[in-house]
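Number of protein chains: 2
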Amino acid sequence: MTGRFAAASAVRSVGDGRYAGEVAEGWDLAGVANGGYLTSMAARALSERTGRPDPVTVTTHFLAPARPGPVTIDTDVVRAGRRFATARATLADDTRPLLTVLGTFGELPSGTDDGERLVVDGAPPPLPDPDECFLMDPANASVPAIFSKVEIRLHPDDAGFAAGSPPGAARMRGWFRLPDGEELTSTALLLVVDAFPPTVFNAALPVAWTPTVELTTHVRARPAPGWLAASFRSRFVTDGFLEADGEVWDGTGRLVAQSRQLALVPRG
Amino acid sequence: MTGRFAAASAVRSVGDGRYAGEVAEGWDLAGVANGGYLTSMAARALSERTGRPDPVTVTTHFLAPARPGPVTIDTDVVRAGRRFATARATLADDTRPLLTVLGTFGELPSGTDDGERLVVDGAPPPLPDPDECFLMDPANASVPAIFSKVEIRLHPDDAGFAAGSPPGAARMRGWFRLPDGEELTSTALLLVVDAFPPTVFNAALPVAWTPTVELTTHVRARPAPGWLAASFRSRFVTDGFLEADGEVWDGTGRLVAQSRQLALVPRG
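Residue numbers (the numbering used here), protein chains in the order written: chain S, 1415 to 1682; chain H, 1415 to 1682.
It should be emphasised that the hints constitute simulated quantities derived from the structure, not laboratory data. Hints are not guaranteed to be accurate.
Below, a sample of chain S positions facing chain H; criterion: calculated Cβ distance under 8 Å [stated by the list, open to error]:
| hint | residue |
| --- | --- |
| 1 | Leu1443 |
| 2 | Val1446 |
| 3 | Thr1486 |
| 4 | Thr1518 |
| 5 | Glu1530 |
| 6 | Val1557 |
| 7 | Val1679 |
C-beta atoms are modelled at their ideal positions from N, C-alpha and C, and glycine is treated no differently.
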């Protein structure tokens, strides 16, 4: 892999199931590194540890905010079977664990394999062409720097929050790609599902931030090259929690990932 | 706790973070113990280990079929914070690990607390009265014995599979309670989300069984006493996998749990 995401999520084995990585500058929101980016780094360690190329289902529990700097990832394999391997990782800085991951890894079909689609009760979100969507443009001082690491173009109907006029529905839809034509691997989908602005930004709620407790992603297939279409929705903001469900589709019209996260809704 | 489910899912500490339990007879389908039941057992060990009463989000990866008999559950705490504790467990028989769990535990609101409902974009499934629903009756030879451990009454529209005429939609809705008035704890919700017949039974697919790879449950609140209304749906049966999304509502109309599982769809 080459490219900025590949470099920023790289890990190297230092023996005894431990990997070393570095939380890169610029992958943060308000100083806290993006959870999908950190999950990708842990998943790369687990993929290497298990010798399986693709994440199939990966769950992360977030424990403490991660800042730029060196981290270690301790891994252990719970079971290595013929088709899948299940393993765990805890990513820590020099003082404490920051996140812990449980994942099953294997080998997924690629975008050029037709696959088998027995039930498809859903479709990619209806998006205008990328050029007609709202670019999360880091040249704009109100847009966090992470949007120079990923290219996101939102459905115009879902960009209201950026102009201070949220449309009301807890929804976020748009296009995603990595800059400079960097290849989208199956592991990069773990970033995609956490890279969009939060759904609640578009719901007119007295909620400023929603720290993620847990994020689970199912990867169904390796994405075909090109833009990905993603949609996120929160249906239940209750009892101090919300879920955000995501779907990611590649340009061939294939569902390549589903995600769900549980986040806290601190009372306003 | 008293009652059959409480007894069947009981664990006792044997020191060094290890718990002992027993997979009880009758909690199986075709000899393989139910995954929600096993997850509940592991969660009880984690709840005791962390000293937190309620599961908040629990993910299980299933490794091998569990049969009746003694098991051990090895636990470790990744982080114990003020509000939540995150911990891991692996449940094994005397030869191999059967499932591994990652969960965050805390204290949830109870059914009598009004809570805060900022967004509710969904509702309990429209179900006829329990007496007018289809009882999964273990007195019927075609109904597995596990349905004597749980009482499930299906929406008549979703019982077609039992008569050999699946309606076509990959959906399952119905009522749930534990027999003999046994109390439904927050931990019991981890059973509820995996106790219904599979959604694909109602889709006319060339699929006989769908082994679960991973099951994640978010528990939002402790359920009020009485019947629970649950609905399950699979929207994407593609590339050899399916997801099944569940919602569980208590009698006060509160969403008490959401679940998603990833299962294999062996080619027919």
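Here's how the hints hold up against the structure:
1. Nearest Cβ of chain H to the Cβ of leucine 1443/S: about 21 Å, over the 8 Å cut. The hint is violated.
2. For valine 1446/S, the interface hint is violated, since its Cβ never comes within 8 Å of a Cβ in chain H; the closest pair sits about 16 Å apart.
3. Interface restraint check: threonine 1486/S against chain H, minimum CB-CB distance 14 Å, threshold 8 Å, status violated.
4. Because the smallest distance between the Cβ of threonine 1518/S and any Cβ of chain H comes to about 5 Å, under 8 Å, the interface hint for this residue holds.
5. Checking glutamate 1530/S against chain H: minimum C-beta separation of about 7 Å stays under 8 Å; hint holds.
6. Here the hint on valine 1557/S is broken, as its CB sits about 25 Å from the closest CB of chain H, past 8 Å.
7. Taken as an interface hint, valine 1679/S checks out: its beta carbon lies about 7 Å from the nearest beta carbon of chain H, inside 8 Å.
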